[in-house]
Amino acid sequence: MSAATFDRRNERVTLAPYLLSGPALLVLGTLLVIPLVATAVLSLHSFSLYKGIQNVYNFDNYVDIFTDPYFYAIYARTFRIALIVTLLSILLGAPEAYILNRMRDPWRSGFLLVVLGPLFISIISRTLGWALLFGSTGLVNQGLVALGLIDRPLQFMYSETGIVIALTHVLVPFMVISVWASLQRLDPQIENAALSLGARSGTILRRILLPQVLPGVLSGSIIVFALAASAFATPAIIGGRRLQVAATLAYDEFLNTLNWPLGAAIAMLLLVAILAIILGCNRLVERRYAQVFE
Amino acid sequence: MSFLILDQLTKAYGDVIAVDRLSLEVAKGEFVSLLGPSGCGKTTTLQMIAGFVEPTNGRITLDGGDLLSVRPNKRGLGIVFQSYALFPHMTAAENVAFGLEMQHVPRAERERRVNETLSLVGLSSLADRFPRKMSGGQQQRVALARALVIRPRVLLLDEPLSNLDAKLREEMQIELRQIQRTLGTTTILVTHDQSEAMALSDRIVIMNRGRAEQIARPDEAYARPASEFVANFLGKTNQLAASIRETDGRKVVSVGAVVWPAADGMHCGPATVAVRPERIALTANGGVSGILRNRVFHGSHWLLQVETDAGAVTIIRQNDGEALPREGEAIRLSWRAEDMSVTPGNGSDA
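Chains as they are written, first to last, in our numbering: chain E, 1 to 294; chain R, 1 to 350.
Treat the hints with caution; some may be incorrect.
Far from chain R, some chain E residues (derived; all Cβ distances over 12 Å) [to be verified]: (1) Leu15; (2) Leu26; (3) Ser48; (4) Val63; (5) Asp64; (6) Thr67; (7) Tyr70; (8) Leu112; (9) Val114; (10) Leu119; (11) Gly148; (12) Leu154; (13) His169; (14) Asp187; (15) Ala236.
Label pairs and their computed distance ranges (CB to CB) [said to hold, decoys possible]: (16) R/Ser69 x E/Ile150: 43 to 53 Å; (17) E/Leu186 x R/Thr61: 51 to 61 Å; (18) E/Leu92 x R/Val70: 54 to 64 Å; (19) E/Leu116 x R/Thr56: 35 to 45 Å; (20) R/Glu338 x E/Leu186: 50 to 60 Å; (21) R/Arg211 x E/Leu87: 52 to 62 Å; (22) R/Arg151 x E/Ile99: 29 to 39 Å; (23) E/Leu119 x R/Thr61: 52 to 62 Å; (24) R/Gln103 x E/Leu186: 17 to 27 Å.
Counterexamples of contact, computed for chain R against chain E with all Cβ distances above 10 Å [unchecked claim]: (25) Ile174; (26) Ala223; (27) Gly321.
If you're looking for bench data, these hints aren't it; they were derived computationally from the structure.
Ideal Cβ placement from N, Cα and C applies to all residues, glycine included.
Isolated chain E (complex conformation) (with noise of 0.2 Å):
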């Protein structure tokens, strides 16, 4: 189709493009933004004992969330956690990423079903799963004094470490389809035209390779990070009640305190901290890769 009459149909029907959008709007609209909404006018509100949700505004709740100590401690960990999990996720899945990319068929459909496994599994099976091994008398634990590495068993559950261990296990995935997607992009030449000048593997990687994947793992590590500091049920049982994240305290605080204006408060920082966090990320990316990547 020429330009000219695809230019022409598209004035016409200008009204299209909304319209074959609206059903989408709508059921964001109803389902995502109406409740957010709600939850950010809910922050506002106060709570107390007897009295149940005041009908006021005022920011009572985020002036005790930032001055209690308490809370503190809760976002510190959420974001350490979620840290972790990147960088775990960035030094597993990258080179996963890559080994796979130079795979053939048969072996990478397999081996890509493995890495995405992961995500096949229902959460909790799956964090249940970890459970078991991480327990004092699970797999891990006896296969590790078994080894002589150990004496006693380590504390898997109810640690940050468990935790993580878990997370990165089920964020990995993310990791490496976003990476993989910039390898496919690389001219499959690349390398060799780096090898006819001279550059040994490693130079490849580090100078030919490397840059060029950049800009794939800083959005897996976007999505990653963004799942890992608003994840909920893996903290829930593998941290249990004392190890309490963001997303974990303020479900506590709807349905155990009943104090729905707090916990909505909570939700709304971690929703702003993590905005903020990923924006700032993507327009670093985008500032620095204009010029490079389309």
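Starting from the known structure of chain E, fit chain R onto it as the hints suggest.
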């Protein structure tokens, strides 16, 4: 003594033989093209020289030393890829400097050589641009500069011009030839474009199904194709039905009513005569008669399609201002004996 020698070079993928006992000797400073249709083994040959593909059999010698035992990153060859394979995260100057960095050339000399090479390919003003912000032709020049700056022992060009439009391609051909002459770099070009191969090379290797059909100077291969494949691949050729007979004790070859003397060794019977379109002249009397079916204007020349009893003939006539016969008109064609090649047998009907 030859600079680059391919000796019985063979590459087989399972049962498929990509390159079949290819032998070639290239002199220092020579420009040789590997020409052939896709799948003829020309790119595989180039990749074996580059070291990206391991030969099944045969040897490659460069400047007296065995090349196959040298790792690809130590071979010191400059390669321009069909896709250019530029490093997108580096500017033009950084792309060109990369090979020198790998050789640990000191910074000052590196900068001097990068600037020199960029100006050689006419890109001095775009040194700080990223490849994505450059046109195809400019990217092509960066790729060429990147390969040349390391002063390669051999320059390997893998269909370097095939992604450019026709006009730009022609300009780059002239420029490429000039640069190659100036630097005196031994060059191997892989191409499927016969006019490109003929325009650029000192010698052409015409390849078909993994084998070299002919290795010759372009004009030689064009004038005296060693096989029917070469005759058809290099330019257009008219094939006319002819017959060989003996009259008065001498062998003659005849097309229609026209008779030429034939070589004595030829057997009597049907034969095929091949003549290039530009070697056929229109004549007033005598000659092979035919009817002009179609004439196509090409600016600098006309293509005339003529129907004769011996088969369809295409003629190229320079647009020299002389009047042309009209379509449907009866015309007569003639050519000199040395402009045709005679093959006994029916040949193909092409």
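Taking the hints in turn, this is what the structure says about them:
No Cβ of chain R approaches the Cβ of E/Leu15 within 12 Å, the least distance being about 35 Å, so the stated non-interface status holds. With 12 Å as the threshold on Cβ separation, the claim that E/Leu26 sits away from chain R holds: the shortest Cβ distance comes to roughly 39 Å. A cut-off of 12 Å between C-beta atoms confirms that E/Ser48 is not in contact with chain R; the least separation is 58 Å. The non-interface label for E/Val63 is consistent with chain R: the shortest C-beta to C-beta separation is roughly 47 Å, beyond 12 Å.
Distance check on E/Asp64: its Cβ is at least 47 Å (rounded) from any Cβ of chain R, clearing the 12 Å threshold; non-interface status holds. Residue placement check: E/Thr67 keeps its beta carbon more than 12 Å from all beta carbons of chain R (closest about 46 Å). With a minimum CB-CB distance of about 46 Å to chain R, E/Tyr70 clears the 12 Å threshold, and the non-interface call stands. Residue placement check: E/Leu112 keeps its beta carbon more than 12 Å from all beta carbons of chain R (closest about 26 Å).
With a least beta-carbon separation of about 29 Å from chain R, E/Val114 lies farther than 12 Å from that chain, consistent with its non-interface assignment. Chain R leaves E/Leu119 outside its interface by the beta-carbon criterion, the shortest separation being 31 Å against a cut-off of 12 Å. Against the 12 Å criterion, E/Gly148 stays outside the reach of chain R, whose nearest CB is about 43 Å from its own CB. Once the 12 Å rule is applied to beta carbons, E/Leu154 is consistent with being away from chain R; the minimum gap is 42 Å.
Its beta-carbon lying about 32 Å from the closest one in chain R, E/His169 satisfies the requirement of being farther than 12 Å from that chain. Annotated as non-interface, E/Asp187 brings its C-beta within 12 Å of a C-beta of chain R; the closest such distance is 5 Å. Distance check for E/Ala236 against chain R: the nearest CB is about 42 Å away, which clears 12 Å, and the non-interface claim stands. Separated by about 50 Å at the C-beta atoms, R/Ser69 and E/Ile150 satisfy the suggested range of 43 to 53 Å.
Range check, E/Leu186 to R/Thr61: about 34 Å between beta-carbon atoms, so the 51 to 61 Å window is missed. Take E/Leu92 and R/Val70: their Cβ atoms lie about 36 Å apart, and the range 54 to 64 Å is violated. Hint check: E/Leu116 to R/Thr56, Cβ distance near 38 Å, so the stated range 35 to 45 Å holds. A C-beta distance of roughly 55 Å is found between R/Glu338 and E/Leu186, which places it inside the suggested range of 50 to 60 Å.
Checked against the given bound of 52 to 62 Å, the beta carbons of R/Arg211 and E/Leu87, roughly 56 Å apart, stay inside it. For R/Arg151 and E/Ile99, the hinted distance range of 29 to 39 Å is satisfied, since their beta carbons lie about 36 Å from each other. In this structure the supplied range 52 to 62 Å holds for E/Leu119 paired with R/Thr61, their Cβ-Cβ distance being about 54 Å. For R/Gln103 and E/Leu186, the Cβ-Cβ distance of about 24 Å falls inside the hinted range of 17 to 27 Å, so the restraint holds.
At the 10 Å boundary, the C-beta of R/Ile174 stays outside the reach of chain E, the nearest C-beta of that chain being 25 Å off. Every CB of chain E lies more than 10 Å from the CB of R/Ala223, the least distance being 36 Å, so the non-interface label holds. Even its closest Cβ contact with chain E, about 39 Å, leaves R/Gly321 beyond 10 Å, as expected for a residue assigned away from the interface.
Of the numbered hints given earlier, the model fails hints 14, 17 and 18; all others are met.
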